[in-house]
Each structure stands twice: as structure tokens, then as C-alpha cells.
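Number of protein chains: 2
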Amino acid sequence: MATQHVLAARRLPRTVDHSADMVAVDDFKAAFRNHPAGVSIITAQGPSGPVGLTASSVFSVSANPPTLVFSLSAHSSAAPAIREAGTVVVHLLGADQVDLATTFATGGIDRFEDTSMWSRLVTGEPVLPRASAWLRGRIVSEMNVGDSTVVAVQVLQVKSQSAAHPDAEQARPLVYHNRSWHSLSADSMVM
Amino acid sequence: MATQHVLAARRLPRTVDHSADMVAVDDFKAAFRNHPAGVSIITAQGPSGPVGLTASSVFSVSANPPTLVFSLSAHSSAAPAIREAGTVVVHLLGADQVDLATTFATGGIDRFEDTSMWSRLVTGEPVLPRASAWLRGRIVSEMNVGDSTVVAVQVLQVKSQSAAHPDAEQARPLVYHNRSWHSLSADSMVM
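As given, the protein sequences belong to chains X and P, one line each in that order. Every letter in the first sequence is one number past the one before it in my numbering, and letter 26, counting from 1, is 26. Every letter in the second sequence is one number past the one before it in my numbering, and letter 22, counting from 1, is 22.
Next up, chain X with everything else stripped away, as it sits in the complex:
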């Protein structure tokens, strides 16, 4: 990302509201701890080898063209390499993939040490074939927000396990909530 063009995103011309200082960061964090999210692993081929991290911030933002977004914290060691790589693989995890989620959320380890867990796409990115689904794409825009960067990825390739193994257990998604792992099933339905 040596050169970058300014783009469609914009900051509104309102002045900064310093009453924000009065919001307790703890209250903000507590509210979102109770806000559940699907779990993903983002991988890329960085300049020094494969990098990856577990994220609970992935969502589909546009179908035309197919685009997803996620956020990268400035505190994440893998973030610079992911942004520099330019292309990424976003893995959507199932309930039987907690081990992967934990590995890619753990600091100070080689997350790619177990070479039975991953392979490489012909396009060069590391991929975790056990993931319920993965999407390969290209970073097309970025927005800096506080101490994070929101990254938009245009999807170029989609692979779902459910097409190959259409059994119910594999389709059960992994959910992160209140520092715990959950899954969904007929029993968790409401209404």
C-alpha cells in the first residue's frame, strides 16, 4: 500500500463532539459483549509468510458486486500483513471448528505450525479447508475508524462445505457471545 488513492468514503463536516468523553468505555464494551456474532478466520499471504486471525466482525455488505467487510484492530499483529497482501481468504466457521477459532485468536504462537490444518490456493493464499465456507477476495477499500480499519473485500471465489457434505451438523454455525462459543440448532430457535 505504498500509494493510495482517496475515495468515496468521507468524514462529515461536523465538529467532534467532546461529550463522547463522558461515555464510559466499559459501558460500551459491556453492551457489545452481549451482542452475538458469527466467527470467521481471515488469512492472507503476507510478505513474510502466511498470516491469519479470528474475527467476529465479518458481514456481507453488498451483493452487487459481492462484497464483505471486516475490521482490523491497530493492535493486531497480523493486520499490516493482511492489508499489504491485498487478497484474503475469509473462512466462516462451524460449531465443530472451535479449535481453529482458538488457534487464530491466540497470541505469541505460530498459528500455522500444524501443517495438516491448512493448504495453499493456487493463487497463493493460505486456506483452512475444514471451514464451513470460505471466500477469497480482493481488498477494494478501507476506512480508518478510531483505532481500527474497516476493510471491504470484493469476493472472487466462494467454496461451501455444505455443497459437498450436506449434513446438518456441519451446517451448524459458530457464534461468539459474552466470551463463550455457542452454536445454533432447532433448539435455539425462538418464536
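In case anyone wonders, no lab produced these hints; they're calculated from the structure. Computed from a prediction, not measured in an experiment: that's the story for all the values here. Where is the CB? At the ideal position from N, CA and C, for every residue including glycine. Hints are supplied without guarantee of correctness; some may be wrong.
As the list claims (entries may be wrong) - Only some residues are given here: those of chain X computed to face chain P with a beta carbon under 8 Å:
#1 F32
#2 T123
#3 G124
Stated by the list, open to error - A few chain P positions that, by computed beta-carbon distances, are all more than 10 Å from chain X:
#4 F32
#5 G46
#6 P50
#7 S56
#8 I109
#9 D114
#10 E125
#11 V127
#12 D147
Given chain X, work out where chain P should sit, using these hints.
Frame of chain X; chain P shown alone:
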């Protein structure tokens, strides 16, 4: 938003990859249908009165300053009024608030018809007091992505029901997955 300043977000200088045309939009949508998400309602005081919509794209992006993001589809009738309002209330929903989620996801109705469901903050925004938590904030940046806009909101005020009514049922969050409503509990935990 009559005047807007260009900002921190940027498009990378890579050329558009036309192999994206080969991605089946149906495969992309199917992969994300199986990606669960917490459920929120976003409200604002638009130029012609209160507006609101149900969203499954809200996440916390930065704690410093406290900032969340969500996406607004260009196809959403409420989107222009929300962007113009400049300040919004983001409600994080619990399992006992499916009726609210459904109302604010239904087109062609007056979503604010039932005046027992909402009130107004002293700052002017409509608020749904039954929501498990709500956060009021100011739109600080936007990024256009495909047919949607990703909006970043700096949070100015947080209110959680759990502080007032710390019972377990109210804390159970609402999850949207595969076109169904789910909740989480001790029974849905994995590992």
C-alpha cells in the same frame, strides 16, 4: 450532508478484477445466510419524522473512541433519512424483542404507528426502551461499498437494561441465522 469532506478511507490503486463476474451471487448469498449475526434496530429523527430499520450488520469497531459500524443498503427506504439525520440510536435486541425486529424489517407499514413502543430522547431521536441495550451516537464517517454504505458512529451515550433488570432471560440476545430467529443460552454453548 450538503457538504462533505474527503477522508481517511481510500480505494487501493489495483485494477478491478473482472473475474469477480464469475462468482455466482447465489453462492455468495448462500454462504452468508449461514453466517449468524446479532440483531439491531437503528433509528433516527429524519427530516420528515422518525425512521428506523432492522439490521444484522452492527459491530463494535473501536473502543478509543467508542465507535460502531453498520451498513445501509441503497435499497433501504430509511437509509437517506438516517444519513441526513447525523445522529442515530442503535438498539441491540434480546430474544424477547422479535416483535420489534419484525416490525422494523417490514416494508410498506408505518413502523412507528404503535406509540407505546417508542419514546423520544431529549436530543430528539426516537428510542425503543424495551431493547436490551441502546447506544446513541453521531455518524463520523461513511464508505461506499457496492450498493451499500458502511457507516461509522461514534457513541455518545449507552443504556443497558441489564443494569436495571439483571435477570438472565432479558440478557439472552437475539440472533438471525438462515432466515430464522434464534437465541443463546447455557444449552447452546459448545466446548
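Legend entry - Hints breached by this structure: 2, 3, 4, 7, 12
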